[in-house]
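J.: Following the hints, position chain P against chain D.
Protein sequence lines correspond, in order, to chains D and P.
Residue numbers for the first sequence follow my numbering, beginning at 30 and rising by one.
Residue numbers for the second sequence follow my numbering, beginning at 82 and rising by one.
Note that these hints are calculated values from the structure, not bench results.
From the three backbone atoms N, C-alpha and C, an ideal C-beta is built for every residue, glycine too.
Any given hint could turn out to be false.
For the chain D half of the interface with chain P, some residues (derived, Cβ under 10 angstroms), not all of them [unchecked claim]: (1) ALA103; (2) PRO111; (3) PHE186; (4) TYR222; (5) LEU281.
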Amino acid sequence: MLSWINVRKSFGTVHAVDGLSLEVAKGEIFGLLGPNGAGKTTSISMAIGLLAPDSGQILIGPAGAQLPPTDVRARAMIGVAPQALALYDELTGVENLKFFGSLYGLKGEVLTNRVDEALDLTGLTDRGGHRAGTYSGGMKRRLNLAAAILHRPSLLFMDEPTAGVDPQSRHAIVNIVERLKATGCTIVYCTHYMEEAQKMCSRIAIVDKGRVLALGTVDDLIKSSGGSSTVQLHHAGRQPQRITTDDPLAVLSAAIGHGDLSEATIQRPDLESVFLNLTGRTLRD
Amino acid sequence: MIIWSIAAKDLKLLFRDRSGCFFVFAFPVLFAIFFGMVFSGGSKEDRKIPVAVVDMDNSASSKAFVRDLLDAEEFKAEQVATLELGEQRVLSRKAAAVVVVPKDFGEKQKAIFGGKPPELDVGVDPSRQAETGMLMGVLQKYAFMGMTRTFQDPGMARSQLTNARTLAKLAGSNAKLDKFLGGMEDVLAQAEKDGIRTMPANTPMDEGLTGGKDGTATKAGTDEKTGQKKPAAAVGFTPMTISSREVRAKNTLTPNAFAVSFSQAVVWGFMGAAMGFGTSLVGERQRGTLARLRCAPLSVMQILLGKAAACGVTVLMVVGLLLAMAKFAFGVAFAEPVSLVMATMCGMVCFVGLMMLVAAASPSERSGGGLAWGVMMMFSFLGGAAVPLFVMPGWMQTLSNISPMKWLILAFEGGIWRGTAPVNMLLPCAILLGVGLASFFGGTVVFLRKRDG
Numbered sequence: 030m031l032s033w034i035n036v037r038k039s040f041g042t043v044h045a046v047d048g049l050s051l052e053v054a055k056g057e058i059f060g061l062l063g064p065n066g067a068g069k070t071t072s073i074s075m076a077i078g079l080l081a082p083d084s085g086q087i088l089i090g091p092a093g094a095q096l097p098p099t100d101v102r103a104r105a106m107i108g109v110a111p112q113a114l115a116l117y118d119e120l121t122g123v124e125n126l127k128f129f130g131s132l133y134g135l136k137g138e139v140l141t142n143r144v145d146e147a148l149d150l151t152g153l154t155d156r157g158g159h160r161a162g163t164y165s166g167g168m169k170r171r172l173n174l175a176a177a178i179l180h181r182p183s184l185l186f187m188d189e190p191t192a193g194v195d196p197q198s199r200h201a202i203v204n205i206v207e208r209l210k211a212t213g214c215t216i217v218y219c220t221h222y223m224e225e226a227q228k229m230c231s232r233i234a235i236v237d238k239g240r241v242l243a244l245g246t247v248d249d250l251i252k253s254s255g256g257s258s259t260v261q262l263h264h265a266g267r268q269p270q271r272i273t274t275d276d277p278l279a280v281l282s283a284a285i286g287h288g289d290l291s292e293a294t295i296q297r298p299d300l301e302s303v304f305l306n307l308t309g310r311t312l313r314d
Numbered sequence: 082m083i084i085w086s087i088a089a090k091d092l093k094l095l096f097r098d099r100s101g102c103f104f105v106f107a108f109p110v111l112f113a114i115f116f117g118m119v120f121s122g123g124s125k126e127d128r129k130i131p132v133a134v135v136d137m138d139n140s141a142s143s144k145a146f147v148r149d150l151l152d153a154e155e156f157k158a159e160q161v162a163t164l165e166l167g168e169q170r171v172l173s174r175k176a177a178a179v180v181v182v183p184k185d186f187g188e189k190q191k192a193i194f195g196g197k198p199p200e201l202d203v204g205v206d207p208s209r210q211a212e213t214g215m216l217m218g219v220l221q222k223y224a225f226m227g228m229t230r231t232f233q234d235p236g237m238a239r240s241q242l243t244n245a246r247t248l249a250k251l252a253g254s255n256a257k258l259d260k261f262l263g264g265m266e267d268v269l270a271q272a273e274k275d276g277i278r279t280m281p282a283n284t285p286m287d288e289g290l291t292g293g294k295d296g297t298a299t300k301a302g303t304d305e306k307t308g309q310k311k312p313a314a315a316v317g318f319t320p321m322t323i324s325s326r327e328v329r330a331k332n333t334l335t336p337n338a339f340a341v342s343f344s345q346a347v348v349w350g351f352m353g354a355a356m357g358f359g360t361s362l363v364g365e366r367q368r369g370t371l372a373r374l375r376c377a378p379l380s381v382m383q384i385l386l387g388k389a390a391a392c393g394v395t396v397l398m399v400v401g402l403l404l405a406m407a408k409f410a411f412g413v414a415f416a417e418p419v420s421l422v423m424a425t426m427c428g429m430v431c432f433v434g435l436m437m438l439v440a441a442a443s444p445s446e447r448s449g450g451g452l453a454w455g456v457m458m459m460f461s462f463l464g465g466a467a468v469p470l471f472v473m474p475g476w477m478q479t480l481s482n483i484s485p486m487k488w489l490i491l492a493f494e495g496g497i498w499r500g501t502a503p504v505n506m507l508l509p510c511a512i513l514l515g516v517g518l519a520s521f522f523g524g525t526v527v528f529l530r531k532r533d534g
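If we strip away everything but chain D, and leave its shape as in the complex, we get:
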């Protein structure tokens, strides 16, 4: 559905994207995970045609009918929920959606129905008649997403869709993404929140300094680069014991056999540890 083929993009002496090659399959939620400045937004900006790559190629569409993102037919296929809120504060939620829908050729009853659907999906039906400028940050994020899905895109780019929103809105957005996945929409989900990526994404590319450091399912990545689990054992009257192991259940079973175990915790490797192992830094550095 989407291919980055050896794509490079520099801004002055800064190599924002350095030989990126990725394939996103139809219907999957593909996560781009990396710290701020890793090149995620630049990669997405090139994929939606806002930036031209210095070299390499980006293609959008089903196999055999792929088009560059600058092609109008390719753009009709994609939806974008940009990181920066792209809304008109002076217009109401409904007016914003009607305008953005009209850009994709929607009109009349179809447009009205799509606007209603999008407002319902994002939980903004009650506020649709209010000016976007009066919305909370979370509501604006949801309206931003609603504007991206009005025309039912087959490929949706979501760039940090939960950045700076309250837990309620974050939960709502995650639910929306899962509902969109159920419709067969392909989603490129760009985030630096590993929990979201781990929960939603079929596959994840971990990027840093414009390069792909690792690519695969969450389990694959953890197995290959997550390192060992840590088991912490608390025995009565003794200092807590930390054991690093590839088989935490065996360690726990042995500890239970000793009979004086009062408490035990198993810390399995996650994407944070994958990133730490790959770069020596944490995602939030």
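T.: The following block gives chain P in isolation, referenced to the frame of chain D:
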């Protein structure tokens, strides 16, 4: 300390915005230099009032008077053959006024102390009223010069005085005239005795004799109190009377001062609309909505034309409102509606194009606002929308040709009150269209170049 921190931050933001800095610091300096150059007046040649002179009399006196006007240091005078040609010079703004020397000029000047003095007909450009007062004063000066020339010929002067004495006796007692004529006879006798052929400069010629209280001519022999016409002799002596009228197109139905002011106001309406939209594209970019527009299945040209259409419609609404007010609230009759439509449409294209160039070139909303304001102000001052062109030095009047404002004003004046025929609108309209299309094209190129910025 906190206050200073806030102030320091704001100053830092200002200095980081180069184009913003330009409009804060450099623009006022340029503005001062501009006005300095305007009001320094330029060369002596630049300060001359352009006039067309028509000699309907072709007598020796009229020829001498016309010669005076052509040589006058205050005028850039040009003699034309007919009244129509003279009025055409005014209508085309090549002359501020047309001075018509009437058919009986020579005859009446022979008898300046009796009957009616010669009457000059001066047709002035209504948009150059500021020059009219000066023009009248200068004409009066040359009228007195003509009389001086008459009295330099002792024989003619003696004949004039004798004639005047006779007429004065017939008219009855007039102490002022008696005193004046007595003084003239004394001067003339002394000059003949001394063999001097030049009238002394301190001759009591204007002592209580001119029509107006301030020494200026009384318009067309009209009583200031009653407004009734009366003979020139009754209002006191003047070597010639001057009547002024506004030169307008023949098809102007109702001469109206608001026609001139609304022609100027329309230009400011164009500016306001264009300046408002000059920042809108930058606002879209900063708001992030431009990115969404560009991700949609639209071409760049569709986006830009959409913005241009909004600006164009606003311009049309502003112009429509102003013209409707002019017509229905102030009774302005439009001299040439077809030309007015041409001016509106071409002006719209011009300002939409300029707006697009400004918007595409502006890196931020603040600098966009400054740039739009600066460009429009520069064009308006240079084009005569704020300061009349005739007060500018000659080289600036020439430079004003680069300002679309000048052509816009010319086009609207043509449609509203000058009655410029559509065919004569082709030059200003072509310039406005050219500027608009070139600016739109330039704006599109800049916009496309900024895509990857």
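J.: Look at each hint and say if it fits the structure.
T.: We went through each hint and held it up to the structure:
no., hint, in the structure
1, ALA103, "8 angstroms, holds"
2, PRO111, "6 angstroms, holds"
3, PHE186, "9 angstroms, holds"
4, TYR222, "21 angstroms, violated"
5, LEU281, "50 angstroms, violated"
Consistency note: the structure conflicts with the earlier hints numbered 4, 5.
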